[in-house]
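Protein chains in written order, with our numbering: chain A, 5 to 166; chain B, 63 to 393.
A couple of the hints might just be wrong.
[Said to hold, decoys possible] No farther apart than 30 angstroms at their CA atoms in a straight line, the calculated lysine-lysine pairs in the BS3-like style are these:
#	chain 1	residue 1	chain 2	residue 2
1	B	K299	A	K155
2	B	K269	B	K299
3	A	K132	A	K149
4	B	K299	A	K149
5	B	K125	B	K269
Rather than coming from a laboratory, the hints here were simulated on the basis of the structure.
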Amino acid sequence: MDLELKDIPGQLVLALKPVSEFKGNLISVVHHHEKKTPRGKIPVHLVFEIKSDHLDNIISLLEESGISVVSVDEKRYLEHGAVILIGHIVHTDIKDTIDKIDNTGYAEIVDLNLAMPRVNRPSSASLKIDAVSKQHMSAAIELLKSIAREKDLLVIEPIGVN
Amino acid sequence: MKTIRASIIGFGAVGQGVAKVLLGKSDYLRSIGIDMKVVAIADSRASVIDPHGVDLASAISRKKDTGTVGSEAVSGTEIIRTVGHELVIETTPTNIETGGVGLVNMMTAFERGMDVVTSNKGPLALKYGDVMAAAKKSGSNCRFEATVGGAMPVINLACDVLAGNRIISMEGIFNGTCNYILSRMMEEQAPYEQMLAEAQELGIAEKDPSYDVEGIDTASKLVIVANSIFGMNASYKDVTVTGITRITPEALSLANADGFAIKLIGEVNDSRINVAPKLVPLSHPLAVGGTLNVFSVQTDLAGPITITGRGAGSIETASAILSDIIGIYKI
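Take these sequences, add in the hints, and give me the full structure.
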């Protein structure tokens, strides 16, 4: 997120406050004090992690405090989810299952833990999914459920997804 | 003082629980203006009838000693037809295929203008609309708090206590047997079959556990919730159901490592009725263990409300029946 701050004391704290209020995780703050904008303001580049549905709240709070939000380059995959799969996960082509989610363009599998107790017993896996928004997370889980129906896998999804 | 003559039709665990509770609470009931007189009790084999009032303590011990409540070869349905009384306490076993004898008993009671308080899910999960129409036509009361979640006040909470609120959704654990099996599988890292056997040994699961573990019991309760609280006209076939038989101990471990428990969750909202194992955050109010039941309702005015309680047990279920009786007759 690119901001423009007035060159007066306390402006940077004011700019960071909404991020912390919505439990954002600050990754970097670059304060270009030497590079004034044509409007005589100081450009600041903020990078932070936040739940996607809080971004609009932060922007409004910043604008209410008189801070100009110049641009927001929304980083993707801000919704994190987890599901459990049970069944013959590997023998029904686990790569294909993962690819189908990754190829959506809005969600991807970012972690997989697999437990295979015995050859003749079903395996269990926990999958971590990142998606660009809550709605896309639901769509990814729906897609996973339809893949699972074809492959006779059981998907255990978190409560409150749909 | 209002004298209420009642029959107890079905004298298994719940029916006997009702008899015990009525015995223990008779003074209290009188103090609120209700003089309860049980004039007939029937089990599946025989019955006892006494227009002056059956001795409940003797009936309970006779059932325990001989396996049957009495010696008269009169069925529950015949009692409803022929013995003069106002209230039928219908506690026969649930039959989800046809509604069973419970449906016949309830319809017969309504034809005769009698009130019904029941713990029997079958008739309401299958024919809610017909049952309620029959009750309304005859001006009878039909109350069924005990059908959903034993001691947990699900129906009366939503319909009476939260009156004026719109109930947006409801979700929870409505089957203690499944909750016990999943909780124990997690604790012991043991397979489903082993923990089912343990539950059967402890009397928590039936010999034929399919009704519980396949999610049928939860689905039946949700249909009753959907119809009575959400005003739907749903039946059992409208529910999507997945049970717990495929859950592995490894899945429970993996979920636990990510901060989740796996629970059989039933959910109802305007658009769907669903039963499935779900991941529940360990810190979430629905993540209760053992044989407990729990549910959350989301309301427009009061926000979310969560209740935890014992979902089964003869006295606990009888407590719901007692509260329905008081609800009807308290002056």
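Handout entry: Satisfaction of hint between K269 (chain B) and K125 (chain B), Cα-Cα up to 30 angstroms
Key = Holds - the C-alpha atoms of K269 (chain B) and K125 (chain B) are around 22 angstroms apart, at most 30 angstroms.
Exercise for the section: Would you check the hint for K269 (chain B) and K299 (chain B), treating anything up to 30 angstroms between C-alpha atoms as holding? Expected result: 25 angstroms, holds
Exercise for the section: Measure nothing beyond the straight line between the CA atoms of K132 (chain A) and K149 (chain A); if it is 30 angstroms or shorter, mark the hint as holding. Expected result: Given that 30 angstroms is the threshold and the Cα spacing comes to 15 angstroms, the pair holds.
Exercise for the section: Would you check the hint for K299 (chain B) and K149 (chain A), treating anything up to 30 angstroms between C-alpha atoms as holding? Expected result: 21 angstroms, holds
Practice task
Verify the proposed pairing of K299 (chain B) with K155 (chain A), using a straight-line Cα cut of 30 angstroms.
Solution key: 24 angstroms, holds
Hint check: no violations occur; every hint is consistent with the structure.
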